[in-house]
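S.K.: Going line by line, the protein sequences match chains A and B.
Quick note: the first sequence, position 50, residue 49 per numbering that gives the first Met the number 0, numbers continuous.
Quick note: the second sequence, position 412, residue 411 per numbering that gives the first Met the number 0, numbers continuous.
Keep in mind that the hints were calculated from the coordinates and are not lab data.
Backbone N, C-alpha and C fix where the C-beta goes; we use that ideal spot for every residue, glycine too.
Among these hints, one or two may not hold up.
[Claimed, not checked] Listed next, the in silico BS3-like pairs over lysine-lysine satisfying Cα-Cα at most 30 Å (straight line):
(1) B:K13 to B:K307
(2) A:K217 to B:K243
(3) A:K219 to A:K160
(4) B:K243 to A:K219
(5) A:K235 to A:K248
(6) A:K43 to A:K248
[As the list claims (entries may be wrong)] Which bits of chain B does chain A cover? Going by a derived footprint, with three or more residues having C-beta under 8 Å, they are:
(7) 387-396
(8) 408-417
Below, each chain spelled out in residue letters.
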Amino acid sequence: MFLRSISGTLALLIWIALSSPPAIAQSPSRPGLPRDLQSIVDAKVLRVAITRFDLPSFHVRGADGTLLGPEIEMAQQIGRALGVKVEFLDNAASFDAVVDFIAEGRADIGISKLSQTYNRLMRVRFSEPYVTLRHALLFDRRAIARAAGGHPPAAELQRYKGRLSVIAGSAYVDFAHRNFPNATVVEARDWDTAIASLLGGQVDAVYRDEFEIRRVLKNKPSLNVQLGSAVIVDQKALLSIAICDTCSKLQEFINYHIGVTRGAFTLNELLNSQLGKQVQ
Amino acid sequence: MKAATIFGIDNSLKALSRSINRPVITLTAIVLALVLGAMRLPFVQYLRPVGDFYVALLQICVLPFLLATIPLAVRSAMASGSAPGVIRSLIFWVLITVVAVAAVSAIIPSLFFRYSSPDERMVANIGALLGRSADTVDVEFAIDARHVPENKSASDFGIFALIPTNVFASLSSNDSVRVLVFAAIFGIGMVLTERNSGHSIFDALRHIQAVCVLIFDWFSLLVPIGIVTLVAPQVALLGPDAFKALTLFAYPFFIAGALLLLAGPIICAFALRASPFHVFGVWLKPLMLAASTRNSLICVPLALETLKNDLKVKEEPCDLYLPIGIATIRFGTILYFVIATLFVGILMGRQFNLHDLALLAVFSVGASFATIGVSGLAALAPMAIVLRPFGLSYEVAVPLMIIIDPLADMLRTMLNVGLNGMVAVLAAARSVVPTSTGRVPDS
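Next up, chain A with everything else stripped away, as it sits in the complex (with noise of 0.2 Å):
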């Protein structure tokens, strides 16, 4: 009889512990805890998972190693507004990476010019976009014309069949397979890889958005002559910032933050920033 009630204990015990929030059990830093606003303004600490390369416009190291850029003051901001310190988590080895702190649990925030897609948003919320980013195309000139024999490039870009660079753990490797579904997705390490293979000719086109496309060529205006850009109207990428899943309070207050804020990033701005002009 006691025999069966120590066993009966342990198997609720059991229970109970596999049976756990499944918040609770992908917060190793806090657990117990669920991660919403309370949570953070408690442990009077947001952390802010980002890239640990850097994202010229968006957020570079200084030469002293300091974090700078819109995303960075954006991310201060943010938490002066919650009354915490800022810690950033620095060392997301892709953008997808980013996601992964924060479904993982290691992050509440992640901010890292990430864009909004369907894989991401079944692992974290979205908050609403801080900037709107028309997707692009990076393209040898020769090869896209001499594949679309004779008639414009926008008709042979449309229905790309060639090799596309794109790069790895980006939202742009899920948007290369839905929007260029017979094209060849080469995924780079990253994008001065990318653009190197474009250049050795190992792929015709890259793939990303406006922003980084025109910034190839305002940094390195020769490569005019040999690269063409072509933006495709109808596909956006929502610049968001990442929230873990369980926070919708931090969510909308992150919202409210980004609508007051509005107009803070716009494209010519962030061509024209001086956080932009390394080259590639």
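Since chain A is already given, all that's left is putting chain B on it; use the hints.
M.R.: Structure of chain B alone, referenced to chain A:
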């Protein structure tokens, strides 16, 4: 007494006009305009409104002049029975001239590009120009075809652009090409109805033509001012940096253009058995009007007057051909398209063999017809017809051509006027009215 006074004033004005438009004054005005433009002084841009005012004055009578001149020319040709012969002769010389221009356009730049190619620095400078001038993306498209902007209707392009469905709309919108087509068709109709009924308004048209010529005479007093105020701001638009970066296009274009412009008066002089210097001096006036206004049709009255009065070329082929020829046969555009394509080709590393050059010439002639009815930068659009079959980027060519267009458009218009004038002279060569000395008299 009153009539004598009026005729006296008219003759004095004509004499003054001839005095002001002497070659030496025209050349001085050109040199002054080029120097002022090259110096890029800020006040040069203030001259532009004066030039625009001058162009507006010249446009006053262009359409009435064309409406009167073409039916009169049609009547003259049909009445004399010489129309088939004149038309055959005109077609022959148009074809010969088109072939010659296409050949010169292909050969001279090919030779030039054989010995000079763009170095890295030049490509970098051109890229910088592209980046500066095309501060937007090259291409826009939609994944979902429903988002693609609708194309213009077929009636905006090709042969439809020539049909005057509403001549009053064409007149009010200054659509000269449709007005020309209307005038030609209407002229034929007028001759046929005149034969049946005996009634006509040709005398009235002749009076309208004379009035227009008189008004053009008044405005030609201002030609030197027009040259300075129109050419200087155009030259000033093109900075030395831009010109330096585009020398690879500019040199063959201006060399080939200058050769063709010089060849015109020499061939005319040979056909007219006149001094080349005299022909060149007389022909300089419409050429400079073309360069300054960059509007071929504005030059039609002055070109006709120069051919008929100063060079004594027979009226019929001139009246019949020159307005229609200037509006439709665009020799300058053929040269421009060929050289622009070769230039973009060398920039993007494409070689052209003889077969390519022949095709290029044919495509350029075809594309030049697609520019009928359009002027300025819009006339660059048909260049896509020439570039794309060779795998060359229209999106690279257009921003570069826009940069150099202030000067290139001047030469294009001069070639259109100059070579069409030459065609009229060649077609009418046997009908020259010789003087007692067998030479065309000096003006």
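S.K.: Next step is simple, just say for each hint if it's right about the structure.
M.R.: Against the structure, the hints come out as follows:
no.: 1; hint: B:K13 to B:K307; in the structure: holds, 15 Å
no.: 2; hint: A:K217 to B:K243; in the structure: holds, 21 Å
no.: 3; hint: A:K219 to A:K160; in the structure: holds, 27 Å
no.: 4; hint: B:K243 to A:K219; in the structure: holds, 20 Å
no.: 5; hint: A:K235 to A:K248; in the structure: holds, 26 Å
no.: 6; hint: A:K43 to A:K248; in the structure: holds, 16 Å
no.: 7; hint: 387-396; in the structure: holds (count 8)
no.: 8; hint: 408-417; in the structure: violated (count 0)
Of the numbered hints given earlier, the model fails hint 8 alone.
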